[in-house]
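A.B. asks: Between the sequences and the hints, there should be enough to build the whole structure, so can you do that?
Now for the letters of each chain:
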Amino acid sequence: MDERIVIVDSGTGLTLTEEQLDERSAVAIVQLRRRGVRVGDTVLICLPVGPDLLVAADAVIAVGGVAWPVPADLDACVLQERIQASGARVLISDLPQALEAAEESRVRIVMSVADLHSYPNSRELSTQSDRIVPSASGG
Amino acid sequence: MPEPPRHNLPAEPNRFVGRERDLDDLRGLLGETRVVTLCGVGGIGKTRLALRVAAGLLPRFSEGVWLVELARVGRAELVVPEIARVLRIRGEANRPLLDTVTARLRDLRCLLVLDNCEHLVDTCAEVAAALVASCPRVSVLATSREPLRIASELIWRVPPLDLPDADSADAESVQLFLDRAAAAGTRLGPDSLPDVVRLCRALDGLPLALELAAARTSLLSPGQIADRIDDRFSLLTTGGRTAPARQRTLLAAVDWSYDLLSAKEQVMLRRLSVFAGSFDLDLAEQICAERPLAPEEVVDLLGGLVDKSLVLCDESRTHYWLLETIKRYAVERLQLAGELEVLRERHLRVLCELQARHFATEMVEPGVPWHERLRALTSSRSLLDDQRVALDWAAESGNVPLGLRLCATSTGLLPIGGLTEIVTWIERLLSLDLSRVPAEQIAHVKAYLAYGLEARDELSRSLEVAEESLAGMSPATVFSRCVMLNIIVAVLLRMGRADEALRYAEESLAVATRTGDAWNQAAGLAGLSAVALTRGRLREAQRHGEEALARAREHGHRWIMARAAAQLGAVAEARGDLVAAEAQYAMAVPWLRELGGDADLARCLARSGRVAAMLHEFGAARERLAASLALSREAGQRQGVARCLAGLSVLAEHEGDLEGAVLAAAAAAALRESIGQHSATIRIEELLGRARAKLGESRTMSLWSRGRAMSPDDAARHVLEGERSAAGTPVAAEPVRHSLLTAREQEIAGLLTRGLSNRAIAEELVISPATVARHIANIMEKLGYTSRAQIAVWAAEHSANPSA
Numbered sequence: 001m002d003e004r005i006v007i008v009d010s011g012t013g014l015t016l017t018e019e020q021l022d023e024r025s026a027v028a029i030v031q032l033r034r035r036g037v038r039v040g041d042t043v044l045i046c047l048p049v050g051p052d053l054l055v056a057a058d059a060v061i062a063v064g065g066v067a068w069p070v071p072a073d074l075d076a077c078v079l080q081e082r083i084q085a086s087g088a089r090v091l092i093s094d095l096p097q098a099l100e101a102a103e104e105s106r107v108r109i110v111m112s113v114a115d116l117h118s119y120p121n122s123r124e125l126s127t128q129s130d131r132i133v134p135s136a137s138g139g
Numbered sequence: 001m002p003e004p005p006r007h008n009l010p011a012e013p014n015r016f017v018g019r020e021r022d023l024d025d026l027r028g029l030l031g032e033t034r035v036v037t038l039c040g041v042g043g044i045g046k047t048r049l050a051l052r053v054a055a056g057l058l059p060r061f062s063e064g065v066w067l068v069e070l071a072r073v074g075r076a077e078l079v080v081p082e083i084a085r086v087l088r089i090r091g092e093a094n095r096p097l098l099d100t101v102t103a104r105l106r107d108l109r110c111l112l113v114l115d116n117c118e119h120l121v122d123t124c125a126e127v128a129a130a131l132v133a134s135c136p137r138v139s140v141l142a143t144s145r146e147p148l149r150i151a152s153e154l155i156w157r158v159p160p161l162d163l164p165d166a167d168s169a170d171a172e173s174v175q176l177f178l179d180r181a182a183a184a185g186t187r188l189g190p191d192s193l194p195d196v197v198r199l200c201r202a203l204d205g206l207p208l209a210l211e212l213a214a215a216r217t218s219l220l221s222p223g224q225i226a227d228r229i230d231d232r233f234s235l236l237t238t239g240g241r242t243a244p245a246r247q248r249t250l251l252a253a254v255d256w257s258y259d260l261l262s263a264k265e266q267v268m269l270r271r272l273s274v275f276a277g278s279f280d281l282d283l284a285e286q287i288c289a290e291r292p293l294a295p296e297e298v299v300d301l302l303g304g305l306v307d308k309s310l311v312l313c314d315e316s317r318t319h320y321w322l323l324e325t326i327k328r329y330a331v332e333r334l335q336l337a338g339e340l341e342v343l344r345e346r347h348l349r350v351l352c353e354l355q356a357r358h359f360a361t362e363m364v365e366p367g368v369p370w371h372e373r374l375r376a377l378t379s380s381r382s383l384l385d386d387q388r389v390a391l392d393w394a395a396e397s398g399n400v401p402l403g404l405r406l407c408a409t410s411t412g413l414l415p416i417g418g419l420t421e422i423v424t425w426i427e428r429l430l431s432l433d434l435s436r437v438p439a440e441q442i443a444h445v446k447a448y449l450a451y452g453l454e455a456r457d458e459l460s461r462s463l464e465v466a467e468e469s470l471a472g473m474s475p476a477t478v479f480s481r482c483v484m485l486n487i488i489v490a491v492l493l494r495m496g497r498a499d500e501a502l503r504y505a506e507e508s509l510a511v512a513t514r515t516g517d518a519w520n521q522a523a524g525l526a527g528l529s530a531v532a533l534t535r536g537r538l539r540e541a542q543r544h545g546e547e548a549l550a551r552a553r554e555h556g557h558r559w560i561m562a563r564a565a566a567q568l569g570a571v572a573e574a575r576g577d578l579v580a581a582e583a584q585y586a587m588a589v590p591w592l593r594e595l596g597g598d599a600d601l602a603r604c605l606a607r608s609g610r611v612a613a614m615l616h617e618f619g620a621a622r623e624r625l626a627a628s629l630a631l632s633r634e635a636g637q638r639q640g641v642a643r644c645l646a647g648l649s650v651l652a653e654h655e656g657d658l659e660g661a662v663l664a665a666a667a668a669a670a671l672r673e674s675i676g677q678h679s680a681t682i683r684i685e686e687l688l689g690r691a692r693a694k695l696g697e698s699r700t701m702s703l704w705s706r707g708r709a710m711s712p713d714d715a716a717r718h719v720l721e722g723e724r725s726a727a728g729t730p731v732a733a734e735p736v737r738h739s740l741l742t743a744r745e746q747e748i749a750g751l752l753t754r755g756l757s758n759r760a761i762a763e764e765l766v767i768s769p770a771t772v773a774r775h776i777a778n779i780m781e782k783l784g785y786t787s788r789a790q791i792a793v794w795a796a797e798h799s800a801n802p803s804a
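Going down the list, the sequences are from chains A and B.
Here the UniProt record's numbering is used: the first residue of the first sequence is 1, the next is one more, and so on.
Here the UniProt record's numbering is used: the first residue of the second sequence is 1, the next is one more, and so on.
Simulated from the structure, these hints should not be mistaken for lab results.
The beta-carbon is built from N, C-alpha and C at its ideal position, and this holds for glycine as well.
Interface residues of chain A toward chain B, partial, derived using beta-carbon atoms under 10 Å:
#, residue
1, Ala28
2, Arg106
3, Val107
Just a sample of chain A residues kept apart from chain B, beta carbon distances all over 10 Å, derived:
#, residue
4, Ile5
5, Val8
6, Gly11
7, Thr42
8, Val49
9, Leu54
10, Pro69
11, Pro71
12, Ala72
13, Cys77
14, Val78
15, Arg82
16, Asp94
Label pairs and their in silico Cβ distance ranges:
#, chain 1, residue 1, chain 2, residue 2, range
17, A, Glu103, B, Ala103, 39 to 47 Å
18, B, Gly31, A, Pro71, 34 to 42 Å
19, B, Pro590, A, Glu103, 53 to 61 Å
20, B, Pro292, A, Glu103, 40 to 48 Å
21, A, Glu103, B, Ala133, 25 to 33 Å
22, B, Ser674, A, Arg4, 54 to 62 Å
23, A, Glu103, B, Asp122, 18 to 26 Å
24, A, Ser10, B, Gly31, 36 to 44 Å
C.D. replies: If you want it as structure tokens, here you go:
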């Protein structure tokens, strides 16, 4: 198997191998599709720079969507404007300020990082509401 | 049997505009997500969207799409009873209602729409979580201002309608506005389009705000409305800056629409907020027509509010209702006007009076034709939501006397919510300060408490309460006193104390005869017949039974007539006259159908089926037992199911299928044990004796243990469908998965066995890594796998034989 390292999290020093990235992207694609993301859809991504951002962007592109990254450290008003301007139906974020800024937007579904990672076996979907228990299946 | 889809979704009051993609997505989501909550501010269209989504899912949820309107439920403990009511499930004795509900839904593919959860969000969350945990095929679509916050929930935020942009005015919000304006009789030409666009933007695409504005287009142009809403909006922002923008916009629109009403229309609208659910003109007149409104004005005022989209109604204008958002606004206005207490009190009083009249018509007054009695019962049932709200107010405001009066006359309340609801209400009221309540009234209402307790199988408590009631009741309240006596008779008979029951039955009969009360004469005589029957005095039992039926016919109420006929049936059975018994039961069936009381009907059908079986009328027996079983199953009544299994055992034995008889009897015995009920051991012993003689000891015992382990449904099917083969449906064969994959996907699955990365696969196939990732996601979904490694293993196993 391919053990090549493809990304390093500058904050934690954690690494991701190519295989892990492929694996996580595949799961994330399934999750995005399950939430109705289609070819041509804009998906907002508001995550700190790191592996999760890479996985999310990878998955959005693979699903045929348009990745619309928003810096996590923007001023609340600017963040709100950007989110509203995107017209996106889905937002990927864990950040409270992003969730708040999405309040009066056209975002229908907010996905957490845990939502991108988890691949439940049954019809069960886990969502942002159980993000307290981070999924271990990501890597 | 293919049945039409089962649902209780209301007809759409007008055209549904826009949200095509959302509908599509949501219907897709509900295929795999168990709980979806539509969240958003009031007026954004959550309910309408949910109903539309649900309607489109009817074919997929073949066993039912059920709307539970929680807005009318004021208290957390009424959430489960309301769900049970919608599903027509009754509570069982000694079992939490939620358990009965989840047991009933366990194998059903159905969708529950829990509308307006926000005021009871914790209970809704618990209930939804319980349903999802124990019923694998049930899904929940909730609407709420706040999410439920449970693990399996997907929160879906409902946005406003799309707004027109610079290039095109063909947006959802514009379409909705034009549609509703046209419905109000206004044809807007292309000239007004810029103003309509401006208005839609000002109203932020909020559907309710757009509808309220469109209802005014006959008097004001879209431009004028836009100007005024703008003014209104600037006024509001100075007040509540903290509220989210959408909420402020909506409030501005509702406020504006309210201010445009005439003074009397305003009074009318806020008073209408006291109703729990829908109401008719009559009730609106009785409750709302007080200074400054005259009764004859009510119909016009109501019509005016309908024209302004503040009140909704059905096509025939028999039922009116308020949207939840408008209702909340109106309640606030009522409070500000200082009228809330007065109106609630009036609502309670009017319902009390109404219900007292219904009760007298249905039960007490002599010589009332049956159709009038039935109409009174039906009216009482249709007012249940309002009765609950009124009782709640009585308890909250400490008006115990009126609350108790309502409890003592609400025949509609008795059989609802598993017969336990009346108990809950009376106990709640009796726990309050009773110093202003006459002792006699307390004694009076305890009769109905005893009735509820008897239905809950709490016999000794029922008897205790009944005796207290009897001791304190005034001799003047003759009707209720007799009812009480007859409840005691029923309880004592069930406790096997027939000797004691005798004097109560005699007293009831004597009092009722003196006062010419046909209902209680019939009930007393039926009691005397039952006492005589337990003492083996068959002729006396027959005489009393016949007399009971004659008095019951005189009264005309189908319930008491069926009660007397069933008593005669029991007497005939005891005599061994099966033909007469069957005739009595058969007579009672249509009466009970008319009444709509499924519990009594199920019991009667089961008896009638069992007797038919003994008469070798197998077709009729099968039909009735099946009908009875269906009623009990659908209402979640295990006791009723056990009764049918016992009847099916009799049927099987008379058909010569001794094995089926043992199986069904064993299944019935197991089910009865599981609910802590005793079986009729004599019949079982006799049956087993005959089985041992014919089939041998070991065969009999193995059948008995197989039957005990069988599900009630399987055991019933075994007899009903004459299945002689071993039970247990074959496990569905694993689908052939390989053919699910496209050629490209198979190719990629093959490459995964070589441990290649996406990038390497992309290079090999000369496609982009994103495309490879997409293919792999497809394979995972199709095969239900969760990792690339699993795909690799699977592909390796299948590569030798690609066609497998």
